[in-house]
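The chain contents come next:
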Amino acid sequence: AQSVTQPDIHITVSEGASLELRCNYSYGATPYLFWYVQSPGQGLQLLLKYFSGDTLVQGIKGFEAEFKRSQSSFNLRKPSVHWSDAAEYFCAVGAEGAQKLVFGQGTRLTINP
Amino acid sequence: NAGVTQTPKFQVLKTGQSMTLQCAQDMNHNSMYWYRQDPGMGLRLIYYSASEGTTDKGEVPNGYNVSRLNKREFSLRLESAAPSQTSVYFCATHWTGANNSPLHFGNGTRLTVT
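If you're matching them up, the sequences are chains A and B in order. All letters in the first sequence, in the order written, are residues 8 to 120 by the working numbering. All letters in the second sequence, in the order written, are residues 611 to 724 by the working numbering.
Bear in mind the hints are in silico, worked out from the structure with no lab data behind them. Any given hint could turn out to be false.
Cut-off 20 angstroms, straight-line C-alpha distance, at most; resulting in silico cross-link-like pairs (SDA-like, lysine to any residue) [stated by the list, open to error]: (1) 619/B - 648/B; (2) 667/B - 685/B; (3) 75/A - 48/A; (4) 107/A - 48/A; (5) 619/B - 48/A; (6) 107/A - 637/B; (7) 107/A - 648/B; (8) 667/B - 53/A; (9) 107/A - 711/B; (10) 68/A - 46/A; (11) 107/A - 668/B; (12) 75/A - 63/A; (13) 75/A - 31/A; (14) 107/A - 683/B; (15) 107/A - 678/B; (16) 107/A - 685/B; (17) 107/A - 652/B; (18) 107/A - 53/A.
Pairwise CB distance ranges (calculated) [as the list claims (entries may be wrong)]: (19) 706/B - 22/A: 37 to 43 angstroms; (20) 60/A - 624/B: 19 to 25 angstroms; (21) 36/A - 722/B: 38 to 44 angstroms; (22) 23/A - 673/B: 32 to 38 angstroms; (23) 115/A - 629/B: 27 to 33 angstroms; (24) 36/A - 666/B: 18 to 24 angstroms; (25) 19/A - 651/B: 18 to 24 angstroms.
Just so you know, even glycine gets a beta-carbon here, dropped at the ideal spot from N, CA and C.
With the hints as constraints, model all of the structure from the sequences given.
Take a look at the structure:
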């Protein structure tokens, strides 16, 4: 069965600093991978997704993620964070698309001014 | 605007009470899902419906029932609420026409069981 681990429960970075959120997955076949963001009191919004092709994928709000099969990782990055990026971020893995996605525990991002 | 609508937004129940969480979508998506979100646990799938007329258990179905009333609506029922069901519940939809299409989420229902 697939599983997802986000090792960092909470990360704090300064505004303007770079960001990397870690995600490791376990899945026997080629995974479908997603990053979602959740602002307080809101549902989850898709940031980006990977299913095949170029291993570096671009998403909304200036985020990108890199799929590394050898490391079973799909880390999320942003070169320079903004105060509005403060939110909770979820990595998810699915088989053949989004059906029955498995989510990681989430990483809460705090931005220092 | 197209989207996923959940009602109510907030609910407080006493142990043993019942209630139904409603979800409606106007995205014409085939699949619908109910997740619960708990601190440190991420989102866990309760039930899903791959298409109208079908429902299947997810990871944590105990204590819940669902009804796929039609293509638009997918409700989640708690017959006898327990404090362990205190959580934030999210409905999501998915278009199965493409394997890589994402889930679309509602804004959640925050349920407290005392």
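Going down the list of hints, with the structure as the test:
no. : hint                              : in the structure
1   : 619/B - 648/B                     : holds, 16 angstroms
2   : 667/B - 685/B                     : holds, 14 angstroms
3   : 75/A - 48/A                       : violated, 32 angstroms
4   : 107/A - 48/A                      : violated, 23 angstroms
5   : 619/B - 48/A                      : holds, 10 angstroms
6   : 107/A - 637/B                     : holds, 19 angstroms
7   : 107/A - 648/B                     : holds, 18 angstroms
8   : 667/B - 53/A                      : violated, 24 angstroms
9   : 107/A - 711/B                     : holds, 13 angstroms
10  : 68/A - 46/A                       : holds, 13 angstroms
11  : 107/A - 668/B                     : holds, 8 angstroms
12  : 75/A - 63/A                       : holds, 9 angstroms
13  : 75/A - 31/A                       : holds, 10 angstroms
14  : 107/A - 683/B                     : holds, 18 angstroms
15  : 107/A - 678/B                     : holds, 17 angstroms
16  : 107/A - 685/B                     : holds, 18 angstroms
17  : 107/A - 652/B                     : holds, 14 angstroms
18  : 107/A - 53/A                      : holds, 16 angstroms
19  : 706/B - 22/A: 37 to 43 angstroms  : holds, 40 angstroms
20  : 60/A - 624/B: 19 to 25 angstroms  : violated, 52 angstroms
21  : 36/A - 722/B: 38 to 44 angstroms  : holds, 40 angstroms
22  : 23/A - 673/B: 32 to 38 angstroms  : violated, 46 angstroms
23  : 115/A - 629/B: 27 to 33 angstroms : holds, 29 angstroms
24  : 36/A - 666/B: 18 to 24 angstroms  : holds, 21 angstroms
25  : 19/A - 651/B: 18 to 24 angstroms  : holds, 22 angstroms
Violation of the numbered hints given earlier is confined to hints 3, 4, 8, 20 and 22; the remaining hints are satisfied by the structure.
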